[in-house]
Amino acid sequence: MFATWLSRMALVLAGTSAVLHALGMWEDHRVEALPGGRRPWWVSGLYWLCWLLMAAGAVYMLASD
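Every number in my numbering is 213 more than the matching position in the sequence shown, counting from 1.
Relax, there's no trap hidden among the hints.
Computed Cβ-Cβ distance ranges for the label pairs, DEER-style:
id : residue 1 : residue 2 : range
1  : R251      : R221      : 38 to 48 Å
2  : L262      : A223      : 20 to 30 Å
3  : A227      : L262      : 13 to 23 Å
4  : L226      : W264      : 13 to 23 Å
5  : E245      : T217      : 38 to 48 Å
6  : H242      : T217      : 31 to 41 Å
7  : R251      : L219      : 30 to 40 Å
8  : E245      : S277      : 29 to 39 Å
9  : W239      : A269      : 16 to 26 Å
10 : T217      : L247      : 40 to 50 Å
11 : V256      : S220      : 31 to 41 Å
12 : L265      : A227      : 13 to 23 Å
13 : S277      : G237      : 25 to 35 Å
No lab work stands behind these hints, which were simulated from the structure alone. Note that the structure is predicted; figures quoted are calculated from it, not measured. For each residue, glycine too, the CB sits at the ideal point set by N, CA and C.
Full structure from sequences and hints, please.
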């Protein structure tokens, strides 16, 4: 249903995702550099969610070939 719309937006979505990922990693490293360096639980959750979504995207791309 959204295939034609998403295909036109693929570059924008990929660029936005890359920028958000870079900002998230920058913030993660900033938090780790603070005294104590402990991450809140939700930061770890978002980290693993990001990896899960990237793996799901890779599987989807390989399977749809």
